[in-house]
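All the letters of the sequence shown, read from the start, carry residue numbers -19 to -1, 1 to 451 under mature numbering (1 follows the signal peptide of the UniProt record, and there is no 0).
Hints listed in this document are in silico derivations from the structure and should not be mistaken for laboratory results.
Even glycine gets a Cβ: it sits at the ideal position worked out from N, Cα and C.
Please note: incorrect hints may appear among the correct ones.
As the list claims (entries may be wrong) - For each label pair, taking beta carbons as the anchor points, the in silico distance ranges come out as:
# : residue 1 : residue 2 : range
1 : Asn404    : Asp234    : 20 to 28 Å
2 : Ala321    : Gly426    : 19 to 27 Å
3 : Asp278    : Asn174    : 26 to 34 Å
4 : Gly353    : Ser279    : 34 to 42 Å
5 : Glu357    : Gly426    : 22 to 30 Å
6 : Asp280    : Ala402    : 17 to 25 Å
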Amino acid sequence: MKFSTLTIATATSAALVSAEVEHKHDRRAIEIDYVYETVTVNSEGVTIGTSGPTAITADSGESPSSTLTASDVSTTTLVGTTSSSSTYVAPTTSSSSSEYVAPTTSSSSSEYVAPTTSSSSSEYVAPTTSSSSSEYVAPTTSSSSSEYVAPTTSSSSSEYVAPTTTSSSSSSSYVASSTSSTASSSSSSSSSNGIYGDLSNYENPSSTFTDGVISCSDFPSGNGVIALDWLGFGGWSGIENTEDNSTGGDCRDGTYCSYACQPGMSKTQWPSEQPSSGVSVGGLYCKDGYLYRSNTDSDYLCEWGVDAAYAVNNLDEAVAICRTDYPGTENMVIPTYVEAGSSLPLTVVNEDTYYQWENKLTSAQYYVNNAGVSYEDGCIWGESGSGVGNWAPLNFGAGWVSSGGGISYLSLIPNPNNYDAPNYSVKIVANDGASMNGECYYENGSYNGDGTDGCTVALSSGTASFVFYN
């Protein structure tokens, strides 16, 4: 019997927002606690043993400037073999009176333990110095069509002219695609625009999801849902089974089948009852061969975040920004793939209404690969020293809270797995008309000129951009 050992790291961000503390170049923007836990699984994906978690805790004193040290960890990802072929359009209404019954989770030692690499708290330190002038023209929107116009870029500087994005009221629907192991075609073919989704920026989904209609062997693309075929789970971002503590394989009875949404959106489905071990579970629930919502408060599978942040690529190569699947397997597999000379919305979750971990607010967390790394190679659980996935050289954080009149906290965060500088520079700049406190950029391996601990800005109105440049 072949066994694989998964070493999993949970990143928890917590900080104190202060409007009267001067932003220092060496001030830590986010304190991060990393918890490492080893889970041993066999080739079927069944957990056969776990070790107790080991915590590496950042200094939480009044001057949070401690530096984290991460252990060198070896990781392996179990990949189920699935593919897809024929497609059909799933019905969007049902006269069935069947009701979803959420499974209960146990607090015994057999609780499910999933790999975890996501932030579990998102209270940031908000710098209070005003941002420098931005050479950025904010995106504009219209309602005439769904065509996306790429930006123009200056070859002599990092100045960026934003694209004109448009929205339309197209009538998209969930399209179920087969994920059986005998099929050969890609399930993403059923989802318009592949990983970019079928909705224009901030266009709402038009079709509700009906429980008990789509088979668990099919993937429900559309209305913002995108298929992640390169992972080998039939388009799903991850499979979790709370009954036998396994992950991976096919979407089958008793499993939560997690999914990804297009850039700017988040999934809406996770059960209110979560494992007491602290790991997260998310996605649709498979029962009696059919898919059911695990959160019946939402009729749609994807929802837009706060319109506050964009990723802008002024480089000559694409950049794969990979969000953690949270709540869910918490692997960094959800792509925001920004081609050279273009931009995409970056999901900023409303922390007041989004998933809460142990009654704590959570933000969106991203692993940012070097330019030139494809999303298939970068949006995965990487191997030690690979420089991709959880070993990517940089992290982004993004979350909105209603306190203070509504503030988006946007961060550049060092990845303790990899302190090597990426092959680009990046800065957070306020778009035209925005109000942003703080300065945050990363150049030549340093944050804001001479810092090593990351940086955060507080955006109180308008939008800002994470701008990649040479």
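Evaluated hints:
1. Asn404 with Asp234: 20 to 28 Å: Violated, since Asn404 and Asp234 (Cβ atoms, about 45 Å apart) do not stay within the stated range.
2. Ala321 with Gly426: 19 to 27 Å: holds, 23 Å
3. Asp278 with Asn174: 26 to 34 Å: holds, 28 Å
4. Gly353 with Ser279: 34 to 42 Å: holds, 37 Å
5. Glu357 with Gly426: 22 to 30 Å: Cβ of Glu357 to Cβ of Gly426: about 27 Å, so the range 22 to 30 Å holds.
6. Asp280 with Ala402: 17 to 25 Å: violated, 45 Å
Checked against the numbered hints given earlier, the structure breaks hints 1 and 6 and satisfies all the rest.
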